[in-house]
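Trainee: Sequence:
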Amino acid sequence: MARISKELLKIRKALEHGDSEFLVDLAPVDDSDLSRWFAVIKGPAETPYYPYEFKLAIEVPASYPMVPPTIKFVSDAKAGIRVPPHCNVDRRTGEICLDILKPEGWSPIWDILHVVQAIHILLQEPVPDSPLDVDMANILKNNDMSAYNGIIRYFLTEIDSP
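In the working numbering, the protein residues as written are 20 to 181.
Take these hints with a grain of salt, some might be off.
Below, in silico cross-link-like pairs of lysine-lysine (DSS-like), each with a Cα-Cα straight-line distance of 25 Å or less [what the hints assert, rightly or not]: (1) Lys32 to Lys61; (2) Lys61 to Lys97; (3) Lys121 to Lys25; (4) Lys91 to Lys61; (5) Lys121 to Lys97; (6) Lys61 to Lys121; (7) Lys29 to Lys61; (8) Lys74 to Lys32.
Honestly, the hints are just simulated from the structure, not real lab data.
The model shown is predicted, which means the values in this text are computed figures rather than measured ones.
Generate the whole structure from the sequences, applying the supplied hints.
Mentor: Now the structure itself:
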């Protein structure tokens with residue numbers, strides 16, 4: 020857990036100094052248990068995810084950094100935070116399909132902040148070839164970005180309004 024403690028200090032400094040444009044918060048749920056974290060990220064500018072915020076639940080295994088953390092999107096109805104509609108996200112479970120979250124795609128040189136940033140980038144750059152939402156992926160494969168973005172806006176503004 021020495022590595023994760025160092026990461027926590029680095030993250031707190033970055034948040035204090037405003038070094039991250041996409042990150043609202045990233046911290047352990049409880050400072051006495053560094054195996055459970057949460058993150059709140061901003062929706063990327065110039066995407067239909069903006070100006071929304073999204074929450075991530077992060078589980079750090081005892082064998083970290085040799086194995087990746089488990090990260091998923093979660094809803095927080097009181098805060099008006101929802102799971103984003105996205106071809107690489109299962110809206111029911113919050114599961115995220117991202118290669119670096121898989122054991123075969125993980126490298127111990129990456130840290131939690133790097134992975135959260137990769138998830139933020141995934142919101143901007145969906146990968147329809149490894150979907151968890153096949154319908155959204157098919158829209159992208161048909162090169163209909165307008166429809167894809169329209170569905171995101173609809174879910175975020177109409178269906179999921181708090």
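Trainee: Each of the hints needs a verdict: does it hold here or not?
Mentor: Verification of the supplied hints:
1. Lys32 to Lys61: With a Cα-Cα distance of about 19 Å, the restraint between lysine 32 and lysine 61 holds, given a limit of 25 Å.
2. Lys61 to Lys97: Judged against 25 Å, a Cα distance of about 17 Å means the pair holds.
3. Lys121 to Lys25: 23 Å, holds
4. Lys91 to Lys61: Holds - the C-alpha atoms of lysine 61 and lysine 91 are around 15 Å apart, at most 25 Å.
5. Lys121 to Lys97: Measuring from Cα to Cα gives roughly 31 Å; hence the hint is violated.
6. Lys61 to Lys121: 24 Å, holds
7. Lys29 to Lys61: Holds: lysine 29 and lysine 61 sit about 20 Å apart, inside 25 Å.
8. Lys74 to Lys32: Measuring from Cα to Cα gives roughly 20 Å; hence the hint holds.
In the structure shown, a violation is registered for the earlier hint numbered 5 alone.
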